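**Student:** Sequence:
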Amino acid sequence: MSGSAALPKHKMLTKVLDWARQEAEIRALVVTGSLARGDGSVDPWSDLDAQIITEDYDSYIADDSWLDGLGEVWIRFPLSLDLPYRLVWFAGGVKVDFQFLRVDAIHAMTCSGALSDEYLRGYVVALDKDGLLRDLPPSPQIFPRPDPPSAEQVEAVINEFYFEAIHVAQFIRRREFWVVKFRDWTMKCDLLQMLEWHARATSAKPVNTWLLGKRIREWTSEETYAAIEEIWSGWDAAALWQSLLRQIELFGSISRQLEGALDYNLDTGRHEQIEAYIRALCASDDLS
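Take any residue in the sequence shown, count from 1 to its spot, add 50: that is its number in my numbering.
One or more hints might be untrue.
Taking lysine to aspartate or glutamate and the DMTMM-like style, the derived pairs with C-alpha atoms no more than 25 Å apart in a straight line are [as the list claims (entries may be wrong)]:
#, residue 1, residue 2
1, 255, 268
2, 255, 226
3, 264, 286
4, 59, 97
5, 145, 167
6, 65, 99
7, 65, 214
8, 59, 178
9, 264, 185
10, 238, 122
11, 61, 118
12, 61, 122
13, 179, 202
14, 179, 268
15, 59, 154
16, 59, 89
17, 65, 105
18, 264, 93
19, 59, 180
20, 145, 89
21, 179, 214
22, 179, 147
23, 238, 180
24, 264, 214
25, 59, 167
26, 179, 272
27, 145, 93
28, 264, 89
29, 255, 89
Simulated from the structure, these hints should not be mistaken for lab results.
In this text the structure is predicted, and so the values were computed from the model without any measurement.
With the hints as constraints, model all of the structure from the sequences given.
**Tutor:** Below is the structure:
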């Protein structure tokens, strides 16, 4: 979807467009994200991804009081960091992600004919004062296909998973459940990375694994999703042990399948020893 497409609907788009038109330094505004993809994923909670094209965005970052003129701001992030974006919750739970891009970046895409990953997914030109995007290739509305992970990357994720698994097991025994949950989240981040790699490496056709586990039910198998439902627990030792052991089983199965799909031969003997140690800790725990 490109500049010829109709403007998407969003509660804040008209206000943002009116503001951009009045700002002399802003030369164009491009909508990206779900509103530009046109894949049916938009819902009442979809945010507005507004890419602001300007020769100099430093002033907008140094002083973001311009946000207050767009509506009542609940939260703005980052609060003071010198970064080219502002992520904003407006009153009523309406979110707008402002990303700033220099004009040169548009010229580079036009000259090379190669769209950025963001534009490959879809973009809509909402404002173009100078015709900057007139010659930009239309978006094919495809998702980027990352390269497979290296053996070293896979091994690093596996090692971190088991490193934290020992922590989790010992803190269950100590009944320090907050620490258990904290360490367990790192394990789940590692598991998600492994699931993404696995889905892309074992599928016969391209797979979009999105971000942060979004649509995970669509890009994992029914068996894997059923196992994922079993790795979350409450606040008692018995449930925490059960979810930990199930998570280790799932991670081990997925990582072995990934290694096979990528033809890697990693040394996993120490991980089997770690699993045996954790199971012994669980078996010796008095849960009465």
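**Student:** Tell me the numbers of any earlier hints that the structure contravenes, in ascending order.
**Tutor:** 2, 3, 7, 9, 10, 13, 14, 15, 21, 23 and 26
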